[in-house]
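Asker: This is what each chain is made of:
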Amino acid sequence: MQPRTSGVDEKLKNELSKQGIFTTTLQNLYNWGRTNSIWPLNFGLACCAIEMIATTMARYDMARFGAEVFRPSPRQADLMIVAGTVTKKMAPLVVRLYNQMPEPKYVISMGACAISGGPFKQGYNVLKGIDRFIPVDIYIPGCPPRPEALLDAFMELQKKIDEQTLTGEKRPRHLNAGEPSEFVVPRYGAHDLEPTKNPNLWKAPLVQISQAGTDESGSH
Amino acid sequence: MNLEAIKSEIEANVPGCRLELVANPSPSGQHSLRTGAEHAVAVAVYLRDAEDLRFDFCSNVTGIDWPSREVSQKVKVRKLVDGVEQEVEEVRKTALPGTLEVVYHLFSVEKKHGPISLRMSTIDRDANVHLPSLTPVWRSAELQEREIFDLFGVVFDGHPDLRRLLMWPDFTDHPMRRDYVDPDDYEYEPTAHDEVLRRAQQHRSEADEEHPGEAGER
Amino acid sequence: MSTATHPTAHFDLQPTDGPGKEQLLELSMGPQHPSTHGVFRMKVVLDGERVVRLKPVFGYLHRNHEKIAESETYLGSMPYTDRLDYMCSITNNWAYALAVEKLAGIQVPERAEYLRVITGELTRLQNHACLIGFLMQDMGSSGTPLMYAFREREKILDLFESLTGARMMCNYMRFGGCRVDLPAGWLDQAKKVVADFPRFLDEYEQLLVSNEILMDRTQDVGVLSRELAVSAGISGPMARASGVDYDIRKVDRYSIYDRFTFRVPLGSHGDVYDRFMVRLLEMRESVSILEQAMRDIPSGPIVDPKMKIRGFRPKPGEAYGRIEAPKGELGFYLVSDGSPNPYRYRVRPPSLINLTVLEDLCVGRNVADIVAILGSIDIVLGEVDR
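Chains as they are written, first to last, in my numbering: chain A, 1 to 220; chain B, 1 to 218; chain C, 1 to 386.
Excised from the complex, chain A in its bound form (with noise of 0.2 Å):
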């Protein structure tokens, strides 16, 4: 993690502290403010659910983090924690609240099922992983992942968007005009969604095959 710089020399930083003025830069403020009260939808789908219900509870408090405001409302929350299984049926409405969150917005993926299907891969009506339609920022294993992986990711989280920059070539997407915020909404098809994934943000990964026929991906 690269350290933070306060464009201020460090000596004349504590000498002015000493007199009770603090200085930071614009940056660090915008991103502290940002990082100590994420707002997440209200949006369980199945068994992670519970687990995150779980996590905002007396035990494994997440109010402790800023985030105890779950929103009912898309347009009041910047946080979607897709948990659960995505299934075709759902996968529009998914993506059509994803539209509806103001930026800036990040999608955290909890459980197996919202990354890549999960158990339920060989499924007719299930999306195999919620990367296909909208950028996730956080992917988090497990089935279902236990309320500390949850705050765990949520720090990680944190410290993402503490890392952002204002200006420049990384800046996030937000701050960046060209960048889309709103994505493609699949439709009901006769057989399976369309489009079936969005090929702008998700590229199918190519099992690398050998020659004599068996499978070598993951070798290099």
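Treat each hint with caution, since some may be false.
Below, computed lysine to aspartate or glutamate pairings styled on DMTMM-like, alpha-carbon distance capped at 25 Å [as the list claims (entries may be wrong)]:
1) B:Lys-7 - B:Glu-38
2) C:Lys-55 - B:Asp-173
3) B:Lys-76 - B:Glu-90
4) A:Lys-197 - B:Asp-182
5) A:Lys-203 - B:Asp-161
6) A:Lys-121 - B:Glu-38
7) A:Lys-170 - A:Asp-137
8) B:Lys-74 - B:Glu-85
9) C:Lys-250 - B:Asp-56
10) C:Lys-43 - B:Asp-161
11) C:Lys-250 - B:Asp-52
12) A:Lys-197 - B:Glu-87
13) A:Lys-121 - C:Glu-72
14) A:Lys-13 - A:Glu-156
15) C:Lys-250 - C:Asp-296
16) C:Lys-306 - C:Glu-291
17) A:Lys-197 - B:Glu-110
18) A:Lys-160 - A:Glu-182
19) C:Lys-315 - B:Glu-20
20) A:Lys-159 - A:Glu-194
21) A:Lys-197 - B:Asp-170
22) A:Lys-170 - A:Glu-68
23) A:Lys-121 - B:Glu-206
24) A:Lys-159 - A:Glu-179
25) A:Lys-170 - A:Glu-156
Keep in mind that the hints were calculated from the coordinates and are not lab data.
On the provided structure of chain A, position chains B and C as indicated by the hints.
Answerer: Chains B and C in isolation, oriented as in the chain A frame:
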């Protein structure tokens, strides 16, 4: 509960019906009664209302797909072989038509006995897939028959609201049938085998045709 | 989007301009909604606040569990049954194990039966507690009863974790017994949890039972008559609240439930308040069963020694096995053709069948009552859609 006795009682009281006792070879001992489509509703009403039976609780409605299959039998026939009539063993193949079966499990809340199973079959799996709906007899069949319509394709005549239950309305296939082929979803497995490996090899060869010389995973 | 694919195209009720020019409003509650217990959608036609028609839409969590089971072995489907009713994974496992044991004629040793009863009743306790918590949360109590319920649930999940290795997806039952035996000290810890439970129930009752808002919002709301309950296949606490005296633990006497003395609470009105009270009283009965079981548990094997799991091929045939799950009658119907995979594997989902009467209960009530009624039916979408 003696299923033979129940069968004779129903046949005596519901005019025209002929039930078949289907034995269940497993240790569970849950044998079932097969009924034809014409008298199914009358049989169901009798099962529900008869004083000694009172099967008022339809617990489970299941659909089963039996695809058509060929049964080979070795038959001895007399044939002319090299001018001499001999008894030769011949393999005779008969085609059993496919059918969709619906099984109802019934219990009695009043008398606290059960289960008995009631079965019905369609004529074939393509055009003649109509069966009478038992929803007017037992309300609990309503959603379960809708599901069988959705996933198997059995059309229930007399159902108050026959639409798809689990899949979206524009979906055209019946996914629980044995011959349904999943759409190709570009599944990824690190150690692929069988169907996933075959599809992955197909994707690989298609990608190589499109972009020849491009190595590795994108 | 064209009207042909518009989500409400299937309602053929158009807004009318009748006498008094009443306009009907078509509203879609869900599938993303703070109080629908998962991805469940209800298309509601409203006349002001009053519900005129209600059509539930299912399938947003349809994960084709039954199709996957046809390509898995019998034991391979056991972890998938965990994910059916994901609040109560152990009772799902138990129902499936019971069905396979009926299919193949497998016996279960004594100690395994006691272990099954203990873990099953613990599951029932945490399910009913959470259900009451969720019902209160949906009616607007901002989380306090839910927090108390989850506090107790965490204690029970700790027990499950030390026993099976997982909090929620326990995968604990096997055909002919259980997977692991109790670790040292587990029984004492469980006895402590069960001994503390009545204090939590007293706290709950004191807070909730004579609460004015609860009584106002739930008494005479969503009344389900006894005849409709039986005809519609309603089972579990929802049927018992309408006066249907049918508890599968007493009727089928599966496992060793005939050794325990416990009562079956029945309601007389069939409204939401009765369903809430029946669950409170059932928790007390579960505590009593647990005390008896933990007192009497013998030693011995936990799995049938004659049972071999490698190459398990039951003879061709079929079986229907059911238990009294916390939500109702959970049954599994298995058809075997002699191969290692089941030919047909069917789950009888209590939550789906209990939803048959949702429209009947809600028509004529206000929108706010829909939430209370749905909360009292106790649905889990993993089971409704499978």
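Asker: Each of the hints needs a verdict: does it hold here or not?
Answerer: Hints, verified against the model:
1. B:Lys-7 - B:Glu-38: Holds: B:Lys-7 and B:Glu-38 sit about 17 Å apart, inside 25 Å.
2. C:Lys-55 - B:Asp-173: Holds: C:Lys-55 and B:Asp-173 sit about 23 Å apart, inside 25 Å.
3. B:Lys-76 - B:Glu-90: With a Cα-Cα distance of about 6 Å, the restraint between B:Lys-76 and B:Glu-90 holds, given a limit of 25 Å.
4. A:Lys-197 - B:Asp-182: With Cα atoms ~16 Å apart, A:Lys-197 and B:Asp-182 stay inside 25 Å; holds.
5. A:Lys-203 - B:Asp-161: violated, 42 Å
6. A:Lys-121 - B:Glu-38: The given pair, whose Cα atoms are some 42 Å apart, is violated under the 25 Å limit.
7. A:Lys-170 - A:Asp-137: This hinted pair holds, its Cα atoms lying about 15 Å apart.
8. B:Lys-74 - B:Glu-85: holds, 19 Å
9. C:Lys-250 - B:Asp-56: holds, 18 Å
10. C:Lys-43 - B:Asp-161: holds, 15 Å
11. C:Lys-250 - B:Asp-52: holds, 21 Å
12. A:Lys-197 - B:Glu-87: violated, 64 Å
13. A:Lys-121 - C:Glu-72: holds, 13 Å
14. A:Lys-13 - A:Glu-156: violated, 28 Å
15. C:Lys-250 - C:Asp-296: Given pair C:Lys-250, C:Asp-296 holds - Cα atoms ~20 Å apart, limit 25 Å.
16. C:Lys-306 - C:Glu-291: Given pair C:Lys-306, C:Glu-291 is violated - Cα atoms ~31 Å apart, limit 25 Å.
17. A:Lys-197 - B:Glu-110: violated, 53 Å
18. A:Lys-160 - A:Glu-182: Within the cut-off at roughly 21 Å; holds.
19. C:Lys-315 - B:Glu-20: holds, 22 Å
20. A:Lys-159 - A:Glu-194: violated, 36 Å
21. A:Lys-197 - B:Asp-170: This hinted pair holds, its Cα atoms lying about 19 Å apart.
22. A:Lys-170 - A:Glu-68: violated, 30 Å
23. A:Lys-121 - B:Glu-206: holds, 23 Å
24. A:Lys-159 - A:Glu-179: holds, 22 Å
25. A:Lys-170 - A:Glu-156: holds, 18 Å
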